[in-house]
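K.L.:
Okay, here's what each chain looks like letter by letter:
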Amino acid sequence: MRSLDLTNTRFCLTAILLLLTAAPALAPLPALAQQASSIEIADHPNDDGSAVILTFQLAGDELLELMPQIQVEGQWHDTETAPVLLSSLDRKSGHPEIFGWGVVDGDEKLHPDDLYMVISKYISFDAEGQQQINPISPALGELPVRLVVDPAGRAQQFEAGTVQARQQWFNTNTVFRLLLAVVFSIIIMYFILAARKNPNIFIRRIAGLEAVDEAIGRATEMGKPVLHINGLDSLATLSTVAAVNILGRIAGKVATYESDLLVPCFDPVVMTVSQEVVKNAYLEAGRPDNYREDNIYFLTDQQFSYTASVCGIMLREKPAANFLLGYFYAESLLLAETGNTTGAIQIAGTDAQAQLPFFITTCDYTLIGEELYAASAYLSREPMLLGSLRGQDVAKAFVMVMIFIGTILTTFGSELLTRLWTAL
Amino acid sequence: MMFLRKQLPIILAFLTGILLWLQAYVPAKPASDALTSFTQSWAVILSAAALLLGILSAVQHHMTKIKLHRKGHAYSYITLAAFALTFIAGFFWRPFPGFAEKNIAEGSFFMWIFDNIFTPLAATMFSLLAFFIASAAFRAFRARSFEATALLIAGCIVMLGRVPIGELIPLPGGHDLSDVASWIMNVPNSAAQRAIMFGVILSQVAISIRIIFGIERTYMGGSD
Numbered sequence: 001m002r003s004l005d006l007t008n009t010r011f012c013l014t015a016i017l018l019l020l021t022a023a024p025a026l027a028p029l030p031a032l033a034q035q036a037s038s039i040e041i042a043d044h045p046n047d048d049g050s051a052v053i054l055t056f057q058l059a060g061d062e063l064l065e066l067m068p069q070i071q072v073e074g075q076w077h078d079t080e081t082a083p084v085l086l087s088s089l090d091r092k093s094g095h096p097e098i099f100g101w102g103v104v105d106g107d108e109k110l111h112p113d114d115l116y117m118v119i120s121k122y123i124s125f126d127a128e129g130q131q132q133i134n135p136i137s138p139a140l141g142e143l144p145v146r147l148v149v150d151p152a153g154r155a156q157q158f159e160a161g162t163v164q165a166r167q168q169w170f171n172t173n174t175v176f177r178l179l180l181a182v183v184f185s186i187i188i189m190y191f192i193l194a195a196r197k198n199p200n201i202f203i204r205r206i207a208g209l210e211a212v213d214e215a216i217g218r219a220t221e222m223g224k225p226v227l228h229i230n231g232l233d234s235l236a237t238l239s240t241v242a243a244v245n246i247l248g249r250i251a252g253k254v255a256t257y258e259s260d261l262l263v264p265c266f267d268p269v270v271m272t273v274s275q276e277v278v279k280n281a282y283l284e285a286g287r288p289d290n291y292r293e294d295n296i297y298f299l300t301d302q303q304f305s306y307t308a309s310v311c312g313i314m315l316r317e318k319p320a321a322n323f324l325l326g327y328f329y330a331e332s333l334l335l336a337e338t339g340n341t342t343g344a345i346q347i348a349g350t351d352a353q354a355q356l357p358f359f360i361t362t363c364d365y366t367l368i369g370e371e372l373y374a375a376s377a378y379l380s381r382e383p384m385l386l387g388s389l390r391g392q393d394v395a396k397a398f399v400m401v402m403i404f405i406g407t408i409l410t411t412f413g414s415e416l417l418t419r420l421w422t423a424l
Numbered sequence: 001m002m003f004l005r006k007q008l009p010i011i012l013a014f015l016t017g018i019l020l021w022l023q024a025y026v027p028a029k030p031a032s033d034a035l036t037s038f039t040q041s042w043a044v045i046l047s048a049a050a051l052l053l054g055i056l057s058a059v060q061h062h063m064t065k066i067k068l069h070r071k072g073h074a075y076s077y078i079t080l081a082a083f084a085l086t087f088i089a090g091f092f093w094r095p096f097p098g099f100a101e102k103n104i105a106e107g108s109f110f111m112w113i114f115d116n117i118f119t120p121l122a123a124t125m126f127s128l129l130a131f132f133i134a135s136a137a138f139r140a141f142r143a144r145s146f147e148a149t150a151l152l153i154a155g156c157i158v159m160l161g162r163v164p165i166g167e168l169i170p171l172p173g174g175h176d177l178s179d180v181a182s183w184i185m186n187v188p189n190s191a192a193q194r195a196i197m198f199g200v201i202l203s204q205v206a207i208s209i210r211i212i213f214g215i216e217r218t219y220m221g222g223s224d
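For the record, the sequence lines run as chains B and W.
If you count the first sequence from 1, position 410 lands on 410 in our numbering, and the numbers rise without skipping.
If you count the second sequence from 1, position 186 lands on 186 in our numbering, and the numbers rise without skipping.
Quick caveat, the hints were computed from the structure, so don't treat them as lab data.
As the structure is a prediction and not an experimental result, all values here were calculated from the model.
Check before you lean on any hint, since a few could be wrong.
Claimed, not checked - In the DSS-like style, the derived pairs of lysine-lysine whose C-alpha atoms are separated by at most 27 Å in a straight line are:
hint : chain 1 : residue 1 : chain 2 : residue 2
1    : B       : K121      : W       : K71
2    : B       : K224      : W       : K29
3    : B       : K318      : W       : K67
4    : W       : K6        : B       : K279
5    : W       : K29       : B       : K253
6    : B       : K279      : W       : K29
7    : W       : K6        : B       : K92
8    : B       : K92       : W       : K29
9    : W       : K6        : B       : K224
10   : W       : K29       : B       : K318
11   : W       : K71       : B       : K279
12   : B       : K318      : W       : K6
Claimed, not checked - Listed next, with one range per pair, are the computed distances between beta-carbon atoms:
hint : chain 1 : residue 1 : chain 2 : residue 2 : range
13   : W       : F92       : B       : L89       : 16 to 24 Å
14   : B       : G94       : W       : I88       : 50 to 58 Å
15   : B       : T418      : W       : D176      : 55 to 63 Å
Even glycine gets a Cβ: it sits at the ideal position worked out from N, Cα and C.
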């Protein structure tokens, strides 16, 4: 009989292999979850009644699975299509929009985590066994809720109580935003009304707008048209509205100088409005006969097809002045650089921050951000419009003071202002 | 007539502006859903009608160009022919043999036009941007003034700092060029962008108030 030879290589390898095979079976079970504590259910604040919130404290294995359940018409339903891992849950302190500011979670090492889950749906099955996802709504009435920990294994259940989903008529997270909007509106309205009494309002010189007359005058002298682009957004964008407002002012000057104005449009609604605006500008300038509707036309609503078309117009018609106003995307440089090669005076204006460097590089004048919005008031010199600019500047001064105070408070450890100004 | 042209648009702008502004603070469904679906339906109807006007405008523009033999009118022939072909391919049931049955489904002639003509042409236009950036950068980086010189230096630092070689250029204090590039982007650049953003947002508040209260009426085609 051969004795057991522990130095034999084949024996050792076999033993290791056997141990490795048995390892999963010998591994300990996932650590039992601690008893879920402080388990509560409440309506989701500031919503349309489509969610409730389950909060609880629980510590356990990262891979521990959880499944909140709600009872609808006497039957318990899962609220997720698959169990949720404990490690994937959010903590209460990271969500001031739900739990408010100043929520401090328990110390991760000493206490169970303060966790929450938003329940916005429940799962049911129809007669054919097909899964149905149903929304939570106030119509479901009082809903008993429970949390099932490790549903596929030990399935520990923790009752959370009952809740009624409710819709709110005012979002309390927006109180400060509403207050700011009201304050800014009052400031601006005050200065608009004040401008009626005292129309002599100083407004700083904006080089780009001072050059509008020069550009149109040059076009008239050269017998070449003026090209105006309203950007590549719809009228739902405020910068497009601002661009159309400026178009009205430019059209009035073009009509007075008896020059030609070309307005190729990217959006058919903008085209219709532009036609009306230009027509009225010609009418007011006393030159209705010079208005040509065919000069304000729709090209296409495809970005690069539009760009190619406008570049073609620039190269063929050689406008003496190009106005690129509104919201632009990647085509800004293609348009402005092509205009630059034709030798036209170019005045651009946009609030698209990413496109500003391209315009500054290639155009003679660039209206940066707010200057685009000020242009209509600046060109018309209408006291009430200028008054709104003054109000806007006062509001800006208010913001600057807030930034200054906020910086000092934050430096000394107070987050009061920072929290107020953080949009939730 | 005067009421329809002047007062009614101002009243509508005021009511719509105020209601949509208030809606931002009301999460309840009856208010938000009703208002949103109402305004969206109007927007869709108006856009559809305007698109028809737009198409008519574009066709009319090119027809006029051809009729008057304006400069570059040959392109108008191509535009109108392409429009007609795409229109037929998109609207009519299986206009060409060998393609999918559904007129705008995958494998249809319409999608073939989109994938093989339109997309490459758009990509070509977009790729031209690389050359335009080079020429614009050359112009911007000519150090003719203090500002242009500062731009040139900052631009070079950011460009070098954003590529792997930037991390190999050591600076005192254990830093490298990528740290300087990050500082330029995160501090002066962010500060300037935020300043512009504040100005833009306050301007948008001001222009909204001017429109809601009928002080700014140029966009309606009317004067002050």
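K.L.:
Is the Cα-Cα distance between K29(W) and K318(B) 27 Å or less?
P.N.:
Not OK: K29(W) and K318(B) at ~54 Å, beyond 27 Å, violated.
K.L.:
Taking only the CA atoms, is the gap from K224(B) to K29(W) under or equal to 27 Å?
P.N.:
violated (55 Å)
K.L.:
For the pair we were handed, K318(B) and K67(W), check the Cα-Cα distance against 27 Å.
P.N.:
Answer holds: K318(B) to K67(W) is near 21 Å, not above 27 Å.
K.L.:
Measure nothing beyond the straight line between the CA atoms of K71(W) and K279(B); if it is 27 Å or shorter, mark the hint as holding.
P.N.:
holds (25 Å)
K.L.:
Regarding T418(B) and D176(W), is the given constraint of 55 to 63 Å on their beta-carbon distance met?
P.N.:
violated (32 Å)
K.L.:
Given the hinted pair K279(B) and K29(W), is their Cα-Cα distance within 27 Å?
P.N.:
The hint is violated at about 42 Å.
K.L.:
For a C-alpha distance cap of 27 Å, please report whether K29(W) and K253(B) respect it.
P.N.:
Between K29(W) and K253(B) the Cα gap is close to 48 Å, so the pair fails against 27 Å, i.e. violated.
K.L.:
Verify the CB-CB distance for G94(B) and I88(W) against the hinted window 50 to 58 Å.
P.N.:
holds (56 Å)
K.L.:
Mind checking the alpha carbons of K92(B) and K29(W) for me, to see if they're no more than 27 Å apart?
P.N.:
Satisfied, since the Cα-Cα distance of roughly 26 Å is no more than 27 Å.
K.L.:
Would you say the C-beta atoms of F92(W) and L89(B) sit inside 16 to 24 Å of each other?
P.N.:
violated (55 Å)
K.L.:
Given the hint that K121(B) pairs with K71(W), test it: the Cα-Cα distance must not exceed 27 Å.
P.N.:
Violated - the C-alpha atoms of K71(W) and K121(B) are around 62 Å apart, more than 27 Å.
K.L.:
Would the hint linking K6(W) and K92(B) be met if the CA-CA limit is 27 Å?
P.N.:
Violated - the C-alpha atoms of K92(B) and K6(W) are around 53 Å apart, more than 27 Å.
Violated hints, listed in ascending order, are 1, 2, 5, 6, 7, 9, 10, 12, 13 and 15; each of the other numbered hints is respected by the structure.
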